[in-house]
Amino acid sequence: MLTVRIVPCLDVSAGRVVKGVRFQNQRDAGSPPERAQAYEAQGADEIVLLDVAATPAGRRARLDVVRSVRAALSIPLTVGGGVADVEDAARLLDAGADKVSVNSAALRDPSLVDCLARRFGSQCTVLAIDAASVPGGGWQALAHSGVEASGRDAVEWAREVGRRGAGEILLTSWDRDGTGDGYDLDLITAVAGATTVPLIASGGAGQAEHVRAAVAAGAGAVLAASIFHDGVLTVGRLKRELSSHGIAVRS
Amino acid sequence: MSALRISVVATGTANTASVLAGLRRAGGDPRLTEEPHDIEHAAAVVLPGVGTLGAAMSGLRALGLDDVLARRIREGRATLAVCLGLQLMCEASDESPGDSGLGILPARVGRLTGDVRVPHMGWNLVTPAAVPGTLVEPGYAYFANSYRLQAEPAGWHASVVDYGGTWVAALERGAVLACQFHPELSGSWGTALLKRWIARAGGVPC
Chain B
2 MLTVRIVPCL
12 DVSAGRVVKG
22 VRFQNQRDAG
32 SPPERAQAYE
42 AQGADEIVLL
52 DVAATPAGRR
62 ARLDVVRSVR
72 AALSIPLTVG
82 GGVADVEDAA
92 RLLDAGADKV
102 SVNSAALRDP
112 SLVDCLARRF
122 GSQCTVLAID
132 AASVPGGGWQ
142 ALAHSGVEAS
152 GRDAVEWARE
162 VGRRGAGEIL
172 LTSWDRDGTG
182 DGYDLDLITA
192 VAGATTVPLI
202 ASGGAGQAEH
212 VRAAVAAGAG
222 AVLAASIFHD
232 GVLTVGRLKR
242 ELSSHGIAVR
252 S
Chain D
88 MSALRISVVA
98 TGTANTASVL
108 AGLRRAGGDP
118 RLTEEPHDIE
128 HAAAVVLPGV
138 GTLGAAMSGL
148 RALGLDDVLA
158 RRIREGRATL
168 AVCLGLQLMC
178 EASDESPGDS
188 GLGILPARVG
198 RLTGDVRVPH
208 MGWNLVTPAA
218 VPGTLVEPGY
228 AYFANSYRLQ
238 AEPAGWHASV
248 VDYGGTWVAA
258 LERGAVLACQ
268 FHPELSGSWG
278 TALLKRWIAR
288 AGGVPC
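Chains as they are written, first to last, in the numbering used here: chain B, 2 to 252; chain D, 88 to 293.
Quick caveat, the hints were computed from the structure, so don't treat them as lab data.
Don't take each hint at face value.
[As the list claims (entries may be wrong)] For each label pair, taking beta carbons as the anchor points, the in silico distance ranges come out as:
no., chain 1, residue 1, chain 2, residue 2, range
1, D, 251, B, 157, 44 to 54 Å
2, B, 176, D, 178, 16 to 26 Å
3, B, 112, D, 198, 22 to 32 Å
4, B, 210, D, 178, 29 to 39 Å
5, D, 218, B, 152, 58 to 68 Å
6, B, 91, D, 111, 40 to 50 Å
7, D, 252, B, 110, 14 to 24 Å
8, D, 203, B, 152, 25 to 35 Å
9, B, 210, D, 149, 48 to 58 Å
10, D, 247, B, 137, 47 to 57 Å
11, D, 203, B, 42, 29 to 39 Å
12, B, 88, D, 128, 28 to 38 Å
13, D, 261, B, 190, 27 to 37 Å
14, B, 112, D, 218, 44 to 54 Å
All of these numbers come straight from a predicted model, not from anything done at the bench.
Heads up, the beta-carbon is just placed ideally off N, CA and C, and yes, glycines get one too.
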């Protein structure tokens with residue numbers, strides 16, 4: 002049986018792990034390889050590394066950080082942030098990423114998803130969606146670390162990228178990011194119903210109960226940053242709680 | 088004892104950095120190569136693979152590596168095929184209609200079926216063949232695949248996994264090991280498997 006994946010996320014800026022609320026007011030949370038290794042030791046199933054300063058600053062994700070994290074890990078590593086084209090993705094894979102996550106560049110040119118899937122395979126191609134709720138219902142996909150509206154409906158966008166060959170959707174609720182108020186369950190349910198690819202829920206984890214609810218809503222993996230960085234929960238304790246409620250996790 | 092020299096086929100599209108890091112962690116001395124002579128004579132070879140069967144096979148043919156790889160696997164010389172590497176050993180795949188694989192296994196690879204999300208992405212329980220001395224032991228391995236080999240071929244010890252039905256997670260025969268999962272990404276369980284393969288590969292005269 003496929004287990005539910007617990008995925009700590011390292012938002013990296015200038016070579017350090019940072020974490021903010023709704024992508025703002027970032028505070029320091031340590032060194033990327035040390036954090037990654039500590040989470041693997043706790044039982045993390047995968048690590049996501051996002052270079053949060055890459056797109057706003059127009060920089061490419063820092064390859065040296067990817068190399069150092071890769072060397073410290075024996076579990077999968079997904080890297081995103083500022084991936085503009087197939088060559089950027091190739092450089093990240095070459096530096097030690099196993100999967101590459103794209104967001105803003107795919108909103109600008111959706112055919113990038115097709116190109117990545119053709120060149121590296123769907124299983125390497127992660128599409129990240131930063132979804133913000135809109136007045137009157139529904140969600141909109143945001144670009145450039147949440148500062149730019151794309152005009153695309155997030156659920157429709159998820160459906161489209163699945164068709165184009167994305168192998169996984171990393172779905173972040175902009176409204177819940179860093180708040181600890183729980184995942185946006187309506188958003189997860191809507192996207193899970195619109196696609197057949199695996200879904201990583203992100204944004205809002207504050208306690209184990211939130212993770213259980215996200216899984217029940219259709220997420221196959223859950224991403225969290227603040228609760229792990231701040232020591233509210235360890236990956237191991239979260240897995241024990243999930244397991245005690247009958248959710249299959251890797252022990 | 089010095090570390091076992093391992094030739095890793097430079098397929099160009101695979102997650103080679105992770106494969107190299109995993110082999111080093113397991114005590115091996117991996118080098119990337121695309122030289123048929125290296126693949127022919129190396130004590131141990133790793134065939135990593137990410138992407139489609141058609142693209143990977145045209146890459147191997149362009150480098151003149153398809154025949155030497157097929158020969159060393161048929162001869163039972165130490166070889167580790169990872170993920171797509173296992174599928175390349177088959178005759179063909181529904182993923183690349185019209186293309187042919189290395190043809191070592193008389194089988195065709197098909198797409199995952201059943202009420203499951205595809206790709207099969209994450210950690211799943213691997214159950215080895217019920218014979219003593221297999222390289223693969225029971226445990227959780229990391230998978231990322233949309234296609235799979237369903238039936239166990241004769242003459243190989245097959246480990247299996249369940250996702251939309253039961254299918255082949257790994258095949259082994261002597262020092263030849265083919266894994267649909269990624270041992271290099273399967274934590275300490277995967278590292279231990281790589282160590283056992285390296286130990287067995289090191290014991291085979293070349």
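Hints versus structure:
Look at residue 251/D against residue 157/B: about 27 Å separates their beta carbons, and that is not inside 44 to 54 Å. The hinted range of 16 to 26 Å is not satisfied by residue 176/B and residue 178/D, whose Cβ atoms lie roughly 51 Å apart. Against the hinted window of 22 to 32 Å, the Cβ-Cβ separation of residue 112/B and residue 198/D comes to about 24 Å, which satisfies the hint. The hint said 29 to 39 Å for the Cβ distance between residue 210/B and residue 178/D, and at roughly 50 Å that hint is violated.
Against the hinted window of 58 to 68 Å, the Cβ-Cβ separation of residue 218/D and residue 152/B comes to about 59 Å, which satisfies the hint. About 22 Å separates the C-beta atoms of residue 91/B and residue 111/D, a value inconsistent with the hinted range of 40 to 50 Å. Between residue 252/D and residue 110/B the Cβ separation comes to about 38 Å, which falls outside the hinted range of 14 to 24 Å. The beta-carbon spacing between residue 203/D and residue 152/B, approximately 33 Å, falls within the hinted interval of 25 to 35 Å.
At roughly 54 Å, the beta carbons of residue 210/B and residue 149/D sit within the given window of 48 to 58 Å. A C-beta distance of roughly 50 Å is found between residue 247/D and residue 137/B, which places it inside the suggested range of 47 to 57 Å. The beta-carbon spacing between residue 203/D and residue 42/B, approximately 30 Å, falls within the hinted interval of 29 to 39 Å. At roughly 34 Å, the beta-carbon separation of residue 88/B and residue 128/D lies within the given 28 to 38 Å, and the hint holds.
Distance hint check: the CB atoms of residue 261/D and residue 190/B are about 50 Å apart, inconsistent with the given range 27 to 37 Å. Remark: the range hint 44 to 54 Å for residue 112/B to residue 218/D is upheld by a beta-carbon distance near 49 Å.
Against the hints set out earlier in the document, violations occur for numbers 1, 2, 4, 6, 7, 13.
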